[in-house]
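Chains as they are written, first to last, in our numbering: chain S, 55 to 166; chain A, 2 to 114.
Bear in mind the hints are in silico, worked out from the structure with no lab data behind them.
Hints are not guaranteed to be accurate.
What the hints assert, rightly or not - The calculated lysine-lysine pairs, modelled on DSSO-like cross-linking and capped at a C-alpha distance of 27 Å, are:
id	chain 1	residue 1	chain 2	residue 2
1	A	K58	S	K96
2	S	K96	S	K165
3	A	K58	S	K55
4	A	K14	S	K96
5	A	K58	S	K122
6	S	K122	S	K55
7	A	K14	A	K58
Claimed, not checked - To spell it out: a stretch of chain S is covered by chain A in this simulated footprint if at least three of its residues, at any positions, have a beta carbon under 8 Å from a beta carbon of chain A; those stretches are:
id	segment
8	85-93
9	152-160
Keep in mind that this is a model prediction, so the values were computed, not measured.
For each residue, glycine too, the CB sits at the ideal point set by N, CA and C.
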Amino acid sequence: KQEVTQIPAALSVPEGENLVLNCSFTDSAIYNLQWFRQDPGKGLTSLLLIQSSQREQTSGRLNASLDKSSGRSTLYIAASQPGDSATYLCAVLRSNTGKLIFGQGTTLQVKP
Amino acid sequence: KAGVTQTPRYLIKTRGQQVTLSCSPISGHRSVSWYQQTPGQGLQFLFEYFSETQRNKGNFPGRFSGRQFSNSRSEMNVSTLELGDSALYLCASSSTPTNYGYTFGSGTRLTVV
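Generate the whole structure from the sequences, applying the supplied hints.
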């Protein structure tokens, strides 16, 4: 059974810091891994999608890496800003029939 | 390009009632998935539809059902509502999940009283 774990559960940092969010999964047989952002009471916004054959993806200040063999992904946020405050979720896709398996998320607070 | 649209945004229902939620996917997307999000359980998969066929179903009781129409719009129905059904219900769509991942809607907040 695929399980996804995110560490830490919560993180508070001063503005400007570079930070790393971690995601681990127990079964390496995945199609892809997606990182999402969720603001309170809102839906999910896709940040980055990494295919199982890829090692990393970048978008602006965000960089996500994937190591399938060790069952790990990291989301690196450079020069954090207060607007980055949100919950970050990772999810793996194990089948082509739509079932994403989510971690519990990391709630990030960036203080001005 | 319009995103995934879920209606209504908020609902308040009484125990025992039934409710129908709607999801309009991004144009051209044929895969639609539904998720339930609660503080205690996080995001849990309900079901996925592709070209009007349910391809996958999560571990939820039969009170939870869904369907997809020929225009890819999807509805989910919950009958005999329980207090524990209070949650944020999220819909996601994709053209090809394995290649392009999923885009989520803003969700429907259901409160059962």
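Status of the hints after comparison with the structure:
About 24 Å separates the Cα atoms of K58 of chain A and K96 of chain S, which keeps this hinted pair within 27 Å; it holds. Distance check on the hinted pair: K96 of chain S and K165 of chain S sit about 21 Å apart at the alpha-carbon level, within 27 Å; holds. For the proposed pair K58 of chain A and K55 of chain S, the alpha carbon gap of about 15 Å is at most 27 Å, so the pair holds. Our distance criterion of 27 Å between C-alpha atoms is met by K14 of chain A and K96 of chain S, whose separation comes to about 20 Å.
Between K58 of chain A and K122 of chain S the CA atoms are separated by roughly 26 Å; this keeps the pair inside 27 Å, and the hint holds. Only pairs whose Cα atoms come within 27 Å are accepted, and K122 of chain S paired with K55 of chain S is accepted, the gap being roughly 16 Å. For the proposed pair K14 of chain A and K58 of chain A, the alpha carbon gap of about 25 Å is at most 27 Å, so the pair holds. A count of 4 residues in the segment 85-93 of chain S with a Cβ less than 8 Å from any Cβ of chain A is obtained; the coverage claim is therefore met, three being the minimum.
Against chain A, the segment 152-160 of chain S contributes 8 residues with a C-beta closer than 8 Å to a partner C-beta. That satisfies the three-residue criterion, and the hint holds.
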